[in-house]
Amino acid sequence: MSLSPASGIGRFYAKSAKIIRFVRLGCTNRPFYHIVVMERRKNQHQPVIEQVGSFDPLPNDYNERLVALNTERIRYWLGKGAHLSTPAAELLGIAGLLPIHPRTYMSAWRNRRAAAEAEATAEKAESTA
Amino acid sequence: MLRAGCQLLTQSALPAGKTGGNSFALEFVRWRRKPRWLPVAKSKMFRVPERKKQTEEERTELMRLHNQYKTQLRSVRQFLREENVRIDETSTVDHIVLTPEQEEAEFQKCIEANAAWNAAIARERDQRLAKEREEKVAYVQERLEARQVREEERREQANQRVLLEIERSKTYITRENLDAAIETALANPVDHNYAIDLAGNLYQGRSTTQLPDASPEPNQQVASN
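Chains A and B are the protein sequences, given in the same order.
Residues 1 to 129 in UniProt numbering are what the first sequence spells out, letter by letter.
Residues 1 to 225 in UniProt numbering are what the second sequence spells out, letter by letter.
In short, the hints are calculated from the structure, not lab data.
Careful: at least some of the hints might be erroneous.
[To be verified] Listed next, the in silico SDA-like pairs over lysine to any residue satisfying Cα-Cα at most 25 Å (straight line):
no.: 1; chain 1: A; residue 1: K80; chain 2: B; residue 2: Q68
no.: 2; chain 1: B; residue 1: K52; chain 2: A; residue 2: R112
no.: 3; chain 1: A; residue 1: K80; chain 2: A; residue 2: E123
no.: 4; chain 1: B; residue 1: K53; chain 2: A; residue 2: F12
no.: 5; chain 1: B; residue 1: K70; chain 2: A; residue 2: R40
no.: 6; chain 1: B; residue 1: K53; chain 2: A; residue 2: I100
no.: 7; chain 1: B; residue 1: K52; chain 2: A; residue 2: A114
no.: 8; chain 1: A; residue 1: K42; chain 2: B; residue 2: K53
Isolated chain B, as found in the complex (with noise of 0.2 Å):
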């Protein structure tokens, strides 16, 4: 029972991690061992381990190698700690170390690409500032030759417009004439009134006491207009 709730605990604890760290309790199924619950095995409840015997010449040996090696070790590690602070010193990593020549000539090779670079460009410029003035001096041109073109139309169109008035001033009244259209008014009168029946129809006149005989004419229809 508790095998089985224990295994369910494992199946959703697997993705943690495969050394389980927090959780104590979880038995993994990868590393299957026996759980920490259980107790130690009878056959092995009294088994005493065998101490690895060591004999007191290796022991001595060992011990001599042991002060051997630790001197030895600190002697690299000072000198490691040495050379890491030589390093730091006279590392050019981080920074650039240069002589004033050697910073004079950097600097003039630089001077130098930037007027080369500034002399391409120039030409560059150049090329696209004239292009742009002969497109501009193309374009001015054109609008001058529509500017007249549109001059002398409208020069026509006034021209025509003197023309018909003077044509049309042989009808004016002038103070010559002005006693004879007077009497040619006087002896036509006009009148501008009319009326309008629902059929459309015009009466002309002011006074609806002459009603003509026939229907009007079926041009005069105002349906028509």
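Extracted from the complex, chain A is given alone in its bound form (with noise of 0.2 Å):
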């Protein structure tokens, strides 16, 4: 019997580029990923070095968006010189193992552009009204 590609059987070089990133697991309208470190050249859905966490990305019935990594190997796996994605690296630095990625700043103030419009805009419908 296979071992299923999350179990770390993926196999690599010593000296190829890994990355840190998400598989997309799940199905269509229902993302889950998993939080992986494989060879970076590799097709997501490949066999995989480790698994380091999990994230589902949708609210659950608290509002809550679940997310599990293995802080100590995901260390290991950067001191050794693992590259990230843009998400994970997203994930990583909310979660306060990194700094903050520039992009979750940029996401942020767009958000709050959108939000004050959206009042704005809303606001002078009141008045006209």
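Dock chain one against chain two, each of which comes alone in its own frame, and use the hints as you go.
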């Protein structure tokens, strides 16, 4: 019986580029991600070197988006020189392991601006009415 | 027509995997989209995608943040690299580090455990050996008794044979009564020759000149032998 691709059976060269990134699991309209270490050049659904966490982007009943991280192994792999994909870097920044990623700031200020504009249009609509 | 052939291909190729990978000409039913070989739709032919506007302010801010982030990440990486080296050097996962006293204590503990174990096993062994010895003694005793009985029987049988011989020795031919025996033998010649006819009748005697008058006795038939 073959092992599942998430069980760390991925083969890799010692000096190849590794990356910490998401693997999209789940199905249509229901994303779920594994946070894995694998060779950078490989397809995301190939066997991984190691799974270091999981991420459920859809809020659950308590409005929580669940993340599990194996920080010890993430630190190890970062120390070994593994690259980071942007979403993974954002997530690790929010988790407090790394500095906050600039994209987080950017999406935050864009969201703020959109909210402010929406509010302004709503106010204008109210005043005209 | 092409579509139908393509679907056939699709059905056979479905278990291969969800991204298609090497086989570029496959179309998957689940992730249905426009096939690669169809041209751009007429309604989209002259559409120019709008470029996302980015203000100068935002651009410079992002540049600043990215520079900062990269610097910070570089130093974090440096720290983690050093941490890995430190862990490699100080880790005792793959080997055991003990002071000489601890080692000595460990050794003594091992010796004590070994001695206790040996004592327990010696106790068991002594019990077992004693039991085996008893069994052996009982067995030998039994065999000795059996031998004695056997010997008695043999002696008895020999005795009986001796008694029988003594009984029979009364009729032995000895030097004293040899003449009388010879005379008796000569007076009573015995002829062991005989003949048999097809009916199994027995005719005693060497010569057949004197046939018996009557038929022989039934108990003299060879067939009855």
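Verification of the supplied hints:
1. At roughly 22 Å between alpha-carbon atoms, K80/A and Q68/B fall within 25 Å of each other, so this suggested pair holds.
2. Pair hint K52/B plus R112/A holds up; C-alpha atoms about 18 Å apart against a cutoff of 25 Å.
3. A C-alpha spacing of about 54 Å is found between K80/A and E123/A, which places the hinted pair above 25 Å, so the restraint is violated.
4. Distance hint between K53/B and F12/A is unfulfilled; the C-alpha atoms sit about 41 Å from each other, more than 25 Å.
5. Restraint check for K70/B and R40/A: the C-alpha separation of about 20 Å stays at or below 25 Å, so the hint holds.
6. As the CA atoms of K53/B and I100/A are separated by approximately 24 Å, the hinted pair is consistent with the 25 Å bound.
7. Note on K52/B and A114/A: the hinted pairing holds, with a Cα-Cα distance of about 15 Å set against a maximum of 25 Å.
8. With a C-alpha separation of about 33 Å, the suggested pairing of K42/A with K53/B is violated against the 25 Å cut-off.
This entry does not satisfy hints 3, 4 and 8, going by the numbered hints stated previously.
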